[in-house]
Amino acid sequence: MTMSQAALKLVTPIVEVDALLFERRRDARRPMDGRVTVLRRYRKEGEQRSKISAIDLLDISSTGLGAFTSEPVEVGSDLTVMFPAHGPDGACDSSCRVVRCIKRDGGYEIGARFGMSHSAA
Numbered sequence: 414m415t416m417s418q419a420a421l422k423l424v425t426p427i428v429e430v431d432a433l434l435f436e437r438r439r440d441a442r443r444p445m446d447g448r449v450t451v452l453r454r455y456r457k458e459g460e461q462r463s464k465i466s467a468i469d470l471l472d473i474s475s476t477g478l479g480a481f482t483s484e485p486v487e488v489g490s491d492l493t494v495m496f497p498a499h500g501p502d503g504a505c506d507s508s509c510r511v512v513r514c515i516k517r518d519g520g521y522e523i524g525a526r527f528g529m530s531h532s533a534a
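Heads up, the sequence shown is in this note's numbering, so the first residue is 414 and it goes up one at a time.
I should point out that these hints are in silico values taken from the structure, not numbers from a laboratory. Even for Gly, the Cβ is constructed at its ideal location relative to N, Cα and C. Treat the hints loosely; a few may be bogus.
[Claimed, not checked] Label pairs and their computed distance ranges (CB to CB):
#1 Cys-505 / Pro-444: 15 to 23 Å
#2 Gly-528 / Lys-464: 19 to 27 Å
#3 Gly-519 / Ser-463: 21 to 29 Å
Using the sequences plus the hints, can you model the full thing?
Right, here's the structure in full:
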C-alpha cells in the first residue's frame, strides 16, 4: 500500500443529506394572506361545543393549513374553514383538525390537517 492509498483510506466520503428527507409534509406549502371564518367544534366538560371566530392564514397546501389566531385552539379540535368567494369561483368550506398550537407573540400559531375531522364524512 502506498502512502497516498493509506491517506485516502483515512478520508471518508462526504454524504450529502437531503434536507427534504426530514420534512414531514407531503405537499409544498404556499404562503397565504387573508382572514377566514372558522367554526370550531370541541369538547368542554364532556359536552360538544361550537364557536365561530376568525383566523389569519399563513400558508396552505393540499393537506393542511397554517394560521394565526388570538386565542389558543386545543389540539384535536375540529374546524370548518369557510373560504369566501373570489371572482367567478364560489365560496367553499373545508373540514380539518388542529394538530399543532404554539404560543407566539400576540397570539397562537396553529396547524391543521384537512380530511381528519370527525364531521368530514
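Cross-check of the supplied hints:
At roughly 20 Å, the beta-carbon separation of Cys-505 and Pro-444 lies within the given 15 to 23 Å, and the hint holds. The supplied range of 19 to 27 Å is met by Gly-528 and Lys-464, whose beta-carbon atoms lie about 22 Å from each other. For Gly-519 and Ser-463, the Cβ-Cβ distance of about 25 Å falls inside the hinted range of 21 to 29 Å, so the restraint holds.
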